[in-house]
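Q: Produce the complete structure using the sequences and hints provided.
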Amino acid sequence: FSSKNSSYSFFSCCLALFIITLSDLECDYINARSCCSKLNKWVVPEVIGHAVVTVLMLISLHWFIFLLNLPVATWNIYRYIMVPSGNMGVFDPTEIHNRGQLKSHMKEAMIKLGFHLLCFFMYLYRLVSKIAPKQQRDCLPAIISSIPLV
Amino acid sequence: MSAPAGLPPRPAAAAAAFSPGGPGSSLEAAAPGSGAPRCQNGPMQSQMQFPSGYGSHLPNYSAPSGHYSQVPNKAAASHLDNQYRASYYPGYYSAPAQNVMTSVGSNVLNAQESHQLYNNTPPHSGGSSDRPVQGAVSSASYLHVSAQQSYSAFDNHYSTSVSSSVASQGFPLNSDHYAMPVVSGAMYPNVSYPPVAAGVVYGQTFTSQSLPAVGQFKETNAFSSQSTSVPHSLQQHVPVGYNTTLSTVSSAQAVQDNLSRNLTGSVPKVNNQINTGGIDSSQPVHSVSQNVPFTKPGAGTSAASAVMSSVRSPAPSLSSKPPSSPSVTQSPELALQEALDSSSTTSSASPVLNNYDALEGGGYPETRSVTSSPVPSPSVLQTSKASKPFGYGYPALQPGYQNATPPTPVQPSNPGHHSGFQHYAQQYPGVSQLSSSLGGLSLQHSQQPESLRPVNLTHDRNILPVSSVPAPVPNLNSDLRKLNCSPDSFRCTLTNIPQTQALLNKAKLPLGLLLHPFRDLTQLPVITSSTIVRCRSCRTYINPFVSFIDQRRWKCNLCYRVNDVPEEFMYNPLTRSYGEPHKRPEVQNSTVEFIASSDYMLRPPQPAVYLFVLDVSHNAVEAGYLTILCQSLLENLDKLPGDSRTRIGFITFDSTVQFYNLQEGLSQPQMLIVSDIDDIFLPTPDSLLVNLHESKELIKDLLNALPNMFTNTRETHSALGPALQAAFKLMSPTGGRISVFQTQLPSLGAGLLHSREDPNQRSSTKVVQHLGPATDFYKKLALDCSGQQTAVDLFLLSSQYSDLASLACMSKYSAGCIYYYPSFHRSHNPAQAEKLQKDLKRYLTRKIGFEAVMRIRCTKGLSIHTFHGNFFVRSTDLLSLANVNPDAGFAVQMSIEESLTDTSLVCFQTALLYTSSKGERRIRVHTLCLPVVSSLSDVYAGADVQAVVCLLANMAVDRSVSSSLADARDALVNAVVDSLAAYMSTASNLQQSMLIAPNSLKLFPLYILALLKQKAFRTGTSTRLDDRVYAMCQMKSQPLVHLMKMIHPNLYRIDKLTDESTIHVNDRVVPQPPLQKLSAEKLTREGAFLMDCGSIFYLWIGKNCDNNFIKDVLGYPNYASVPQKMTQLPEVDAPSSERTRSFISWLRDSRPLSPVLQVIKDENPAKTDFFQHLIEDRTEAAFSYYEFLLNIQQQICK
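These protein sequence lines map, in sequence, to chains A and B. Per the numbering used here, the very first residue in the first sequence carries number 1; after that it's consecutive. Per the numbering used here, the very first residue in the second sequence carries number 1; after that it's consecutive.
Rather than coming from a laboratory, the hints here were simulated on the basis of the structure. Careful, some of the hints might be misleading.
[Stated by the list, open to error] In silico EDC-like pairs for lysine to aspartate or glutamate, Cα to Cα no more than 20 Å straight-line:
| no. | chain 1 | residue 1 | chain 2 | residue 2 |
| --- | --- | --- | --- | --- |
| 1 | A | Lys103 | B | Asp1149 |
| 2 | A | Lys103 | B | Glu898 |
| 3 | B | Lys1015 | B | Asp967 |
| 4 | B | Lys838 | B | Asp1149 |
A: Below is the structure:
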């Protein structure tokens, strides 16, 4: 679980990066070209990472979590596959300003960030509840306080 | 003030064609040609003179002037299709106001008069309204003469109006009313017209003003040259009206009906019924009965003025005034006085006048008063012209609107319905009359209701206008309208902006702008000043629509921030006076160009750099384009835009890439071959791009040698990608323009492509694939180029599939342009060869702007969300244009983010910052101002159908690439269905069984059908993929005028051109044949037809065409001897030949690319092309227009 937690914090960071970069673009701090090349670099790691985690869930027979992750992972893969051949990646600098794409990317990143944060705390809870019975109850606050370091 | 007192300035006004500015217009004399636009100038503009300092910055423009209208008449013709009326009309229109202005300027300067105007006493008002009437009458009557066709087209309506109460003066005004939509394009200051003629009218109308009414009216009419006196014209026309109307009686009855209803006290109806409705409900009958007699005596003006006065004044004055001509003679004086007052307020330096807030504040109570007492007093309206820039047109209109709908249910279905329409028609003229008589240009009063007039699409077969479709005029106060940007440069799909997104959604029409920012303008105010005044928060450039709060502060019209007026701005170089910031040229013109300081440069302005990348593979040599290109280049080498730093270079490629060392000092050009195409490098980076002037001889040598250098090549491969990479490397230090000539699918190195087209799928009705690029190589390259300020222009001359969808990316995102010549061959396809030649000439010599960026700003609350055109969107609203050319058009879609309830105007500003070919950094700024409306019917009234269709075409292209062609087609059909359904549901009383469209949208289904049958979107007909993609590229990058011709070509019958309804352009007589429906039913074997498709003219000759025509115009004895591939008309000395040629050359002059003429006989293979453009006919794969309408109707009913 701790590995999963760390992977989720990785996703969250990744999405936070997405959001920050996109809002930079929205505010005109960077231009579309650099924004998209920056973001496209992270699309593949995100897709792979999420797929791996999802598969791991399946392997470790955590059905509920697996099902929770499956739609998001599927969407990620679908999005990656459906990029038209002429585009420069999921984020295309020539299209990002058109038809509200920037906004929809932003929205998507926000939703996923929320999802990952939710997952993160859920796993954390489960991690804690799994560890806690084995150890002494009074360790719990210490564990919780150390969570941000995980 | 007495009439004589008003006289002295008039001679000046008579000369106003040249210097309407009156005093202080000395500069005008230096540029006589620039006089014309003055006539249109609003009151404030009339003061505008540019000191020579301004003019000196105009190397590219013919004359310095406050206006950018085309002064040479020829040029004038070039931008408007309806030049004639368009060009004359405004002159007459503005004449009264103008004259008044000039006289005012020297006489009265009382800024406070405006208040007094509100409290006008009846006689005054009568007088004041009289003044403008003249303008209206003269213009109207003139139009009668000039616009016979439009007149006849509207017979019905005329007749009703004639039969109606407003008779005598209603008549000419009606004509004016109807001609108006045709003319409306003319409202913009850039429309030019023969200065002398306008001047004459000017003088006449004005001087005659002090004369007794009858004489004066005669004189104005005399100008119109058909009928010398009013009675004649009236009596001529009245019977016509009666004879030609279908249902005069019924309409008359309708009138009666209305009148009786009026009597019973339905006040708003009365308003419209009688001109402009300044009359109480009890009065209309009086006024009617009084006016009618006047029709006969022919004292048109007196009657008019009588009506005007009656309109304005309370009942007693009504009865006393009209009959006496003395009273009329008196009224002009008063008119003058009045006019002086009102105009003095405008021309005075009072800061209040430009202050929208103050005006707005003032405007609203007025509005309320109008609505509360449903009698909009014309005098109030008039004063409002002087003092209230906006908020006015609408209130006055309201009754018209209210009136427009209620009568409808009364109408029975079939013929009765018609009479219903006439009924409206007859109501509106009153409004139009008032507005036109207001001496301003407030045509919207009539235009709005007219544009809302319901048209039964399935019944009315002739919906095409006589001449080309004009752009609707925004419903603004005349002052603002005069200042507003030309529709040629800047158009909005909805000239009435809906207040909220909800309202916009309800209207189901797209909201967007169509821009042609770098259009060739013959006149453009160029401003040099060390500080360019801009809003501190939103960076908007100061423009005519800002408001000056006081002398030292101005309020931004986009973000409403209050800014300081810089010290320098207080000085007006125009009048050399201090303290008149609102008279600066920036504030007087909505299109201006600034010379930018070094703040606007990231690096020193780049030189003009041109690089030609030429395909020299076997295929290319076989096609023979090199000869044409080299020839063209040799001819135009000196005309290439640039300065002494201009540089030029050449790269050729087949399976290798060849560079040419043209360094000065070499005895002959040196070819350097790089065969390592996987890792391309520049052999001698310094000497490949050379100074054009220093190495001219070498360049000429190369161009002479080039066509023959590769004649025996056996290389069939094409390494386009590597050649482009090399070109990019070569250009990246400076930026500039790369022109790529490609004749086949690139087959080697980076960016190689494979054939994706399946010829069997060409006529598939299902899926059209491969509309998008196959690789991102060209896109990336384009973005790299764009980043280095380099644009790539693509000339694709291929006979087989070349994957334009992929190749086009290199131009699309680098702000280049795309030319495509399918099945090009120098000798086998002379039409294409000629086209290439002409295109190249234009391409090489047209203006060019380098390292450009364009930003579109709009009033807070609106936001731009999608851009169409060739460019790269660098950040939310910044378009990066490596090059900008005068033939590039752009479109943007907008949404309304915040409700616009607290504003009555919205503005859009386009700023294009570019480096001219002379190395100057310049900013061209266009500002468009539009009113905000809150009702759905107003939104429909302001719909600009051409702009809507062009924007939809752009959206459909996006849709077909991102989704599928079928989706895009469905979306187009749905656009019509939804908007018409929404319209019909607003006018719920309309019969659901009929397909009704507002007049403003009556062409919408036709245009959409034309779009569906356009190469880009058609299915079922065999269309090559490249052709389709090219059509799509054009839709994205063509300006509106060209795009409209492409979508819906103009068809004229030219075998019977007569001298009737001709126009004079540069002492040539140009006949004006009426537009024909695009239907084979219009083609007769006895005729000859010219189809103007924008880039090509088809001249179709019927089998039994008159031999005289064939002999005179084509130069052949009979039909059989006319050759198949004829592309030129011989110069035969016969009137019919002269007419035809002058008509065709006039059409050609109106566009930058001169189109190729193709003569089509019955058995010609090009015949199919011609017939494909007859979009109203049914084809094997598509609906006819009527079927399409039925289909729409069905979908609406569903």
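Q: Please go over all the hints and tell whether each is borne out by the structure.
A: We went through each hint and held it up to the structure:
no. : hint                 : in the structure
1   : A/Lys103 x B/Asp1149 : violated (45 Å)
2   : A/Lys103 x B/Glu898  : holds (17 Å)
3   : B/Lys1015 x B/Asp967 : holds (16 Å)
4   : B/Lys838 x B/Asp1149 : holds (13 Å)
Violated hint for the displayed structure: number 1, the only one.
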